[in-house]
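Chemist: Let the hints inform the model, and build the full structure from the sequences given.
These protein sequence lines are chains A and B, in that order. With the working numbering as the guide, the letters of the first sequence map in order to residues 19 to 337. With the working numbering as the guide, the letters of the second sequence map in order to residues 34 to 431.
If you're looking for bench data, these hints aren't it; they were derived computationally from the structure. Careful, some of the hints might be misleading.
One-sided excerpt, in silico: chain B residues whose CB lies under 8 Å from chain A [stated by the list, open to error]:
| id | residue |
| --- | --- |
| 1 | F153 |
| 2 | D155 |
| 3 | P158 |
| 4 | I162 |
| 5 | P163 |
| 6 | H166 |
| 7 | S181 |
| 8 | Y193 |
| 9 | L198 |
| 10 | P211 |
| 11 | E219 |
| 12 | D223 |
| 13 | V224 |
| 14 | T226 |
| 15 | Q281 |
| 16 | D285 |
C-beta: ideal position from N, C-alpha, C; glycine also.
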Amino acid sequence: MAMDKSQKKQVYLFYCAECEDLARKIASQSDLITLQTIKWRNFDDGFPNIFINNAQDLRGQHVAFLASFSSQAVIFEQLSVIYALPKLFVASFSLVLPFFPTGSFERMEEEGDVATAFTLARMLSNIPISKGGPTSLVIYDIHALQERFYFGDHVLPLFETGIPLLKERLHQLPDSDKIVVAFPDDGAWKRYHKQFDQFPVVVCNKVREGDKRIVRIKEGNPAGFHVVIVDDLVQSGGTLIECQKVLAAHGAAKVSAYVTHGVFPKRSWERFTHKNGESDNPFAYFWITDSCPLTVKAVEHEAPFEILSLAGSIADALQ
Amino acid sequence: MAATRALPSSSSYLNPNLPPSLKSSSSTAFVILKPPRKKNQYANSIRCDITSTNNWTAEPDPKVHFFPPEHLTVPMASESAVKTAKRVCLFYCAETKELAQKVAAESDGIELRSITWRKFADGFPNIFIPNAHAIRGQHVAFLASFNSPSVIFEQLSVIYALPKLFIASFTLVLPFFPTGTSERMEDEGDVATAFTLARALSNIPISMGGPTSLVIYDIHALQERFYFGDNILPCFESGIPLLKARLQQLRDSDNISICFPDDGAWKRFNKQLQHFPTIVCAKVREGDQRIVRIKEGDPKGRHVVIVDDLVQSGGTLIECQKVLAAHGAAKISAYVTHGIFPNRSWERFGSDKGGNPEQGLTYFWITDSCPTTVRDVMYNPPFEVLSLAGSIATTLQK
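Modeler: Here's what the structure looks like:
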């Protein structure tokens, strides 16, 4: 039966507990996306006791799962569902994993370094195929561009980006004509410069001065502009803070930041919130997406944070 | 070869007059027994095989008992050379460190290697295998323990990495295969986490030595052996030989009956325990309740040992104990390979202190497959831990 390309498809969307808010937003973007539920329980021994409700109804339907691997502990239970869904005679299976963790710190420098990013890619590559063929795997702003090669042939990674959400937001700003995009290092420049070719650009880098590593401006001039530092993720926030200082020292009128993934381990986002009564925060805006739901819950009502939701983008990708 | 001490030549498993250091007692914390290589009639092979005591070793530690029967081979006419032990580099995780040390102590050929386990700030593992070059061309093994889902990912990372370091072969020892013990695939929608785990293990890359060998003790559901793909070679071992060796040491070893708490346990174990009189229990429905009844066999006057692969809450064992006591069992003990005991459920089991079987058990044997429980119970009667170290060492050197 020939498929009309413009015809959008009905999608049954499952999700993990952490992602419930984002899942609801996605479902509200389109009548064709309906939320489904799973019973997540644990046996006494701590291992998962999972039941997919209405499994019979999934036959012949397009099914998706919204995952979030915020810690090692939650991987196994979500993986159990991810491995089970494709085998329920579904028409196709998509796994949406907005943030692909691991690999952001690790360096494969010596024999003996264990690449956990590869472990995770391997586990995802092992998702059984469904009637619709290999699983589509949707990931936003994967950290290392070469990670795309870690996946085997039975999954189809689809690498999306949150940058369009940022650009849309920037157009709404009153000073949208005085924006300069800053990249904290060459890695960020490689990842994103093509998406910002209509903006003036500043590139920073870290140089060694004796024992210290200092952030310097490598190219570009921020003086008088609203500078938006762009990167894929933030962990401790140290890099962003150093960049902001250097940009301010070179005359930036305002500095904001955007990262797709607000990882912020150990509540490191606290370094960026407005302190009591303080009107002058070094950052005018700090945009993150809702790829890391646990952080979103912590910062959504805290200035200068603003959440740009991936819901619309994900809903489009699913159809 | 470890230093040997000559023992009185009349000593044997069946001699109740063993020197005190080799006698079991209910305060013994650890008994390390090695099963014999030969699988024929157990009692007879022990008697025939003890032709000399030159190969016996005894551990000085009074808490640890150590019987190396696999060193006792039936002497062949021309065989006098000692077989060179296969060299194996044994890696382990934090939970299995003690067991790994015991395994390495069993053989000069097994060498412990360390891994640096750290975490990044985001909680994900930061793992380094020191001296990775040194294992090229070596036989390598990893002793894993998946006692909770949160430790699976970091151990899997090492398990996936080791085979690719140009090693000669890779063996994964996972004494207890979790998941699948409580789950029932009854409805479409039930998610078999046992299958998730089997899938993750089936995906271990092959090494220069071919598919990974996967050693599991007393897997819960016999059909789980079919969950594994073709790139892995599951090797299903059992802890029952350790139990049999221990039973032979008991003073009333000729008065032992084995009780299976249900047909499942009978199916799993009856062939290994054929020469003991057997009692089989069953759960029957009486109105709303489920009661344990004796289906066949008679415990009267016997020392009954309830045998199962694992224990969780312990409810089944306790019900069996009650029904056996009510039918006149003289003493009741229990053996499970895997003492899972979630939520400290081991506390339900008390010692009979030499008294009535209703009051408690004489012995409760578990192996060290679940290392976190072992630490809790090893000094608490009636518990005694039978170590898998010998069995694992033998398997690694095959």
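Chemist: Give a verdict on every hint.
Modeler: A quick look at each hint next to the structure:
| no. | hint | result |
| --- | --- | --- |
| 1 | F153 | holds (5 Å) |
| 2 | D155 | holds (4 Å) |
| 3 | P158 | holds (5 Å) |
| 4 | I162 | holds (4 Å) |
| 5 | P163 | holds (6 Å) |
| 6 | H166 | holds (6 Å) |
| 7 | S181 | holds (5 Å) |
| 8 | Y193 | holds (5 Å) |
| 9 | L198 | holds (7 Å) |
| 10 | P211 | holds (6 Å) |
| 11 | E219 | violated (10 Å) |
| 12 | D223 | holds (6 Å) |
| 13 | V224 | holds (4 Å) |
| 14 | T226 | holds (5 Å) |
| 15 | Q281 | violated (32 Å) |
| 16 | D285 | violated (34 Å) |
The earlier numbered hints that this structure contradicts are 11, 15, 16.
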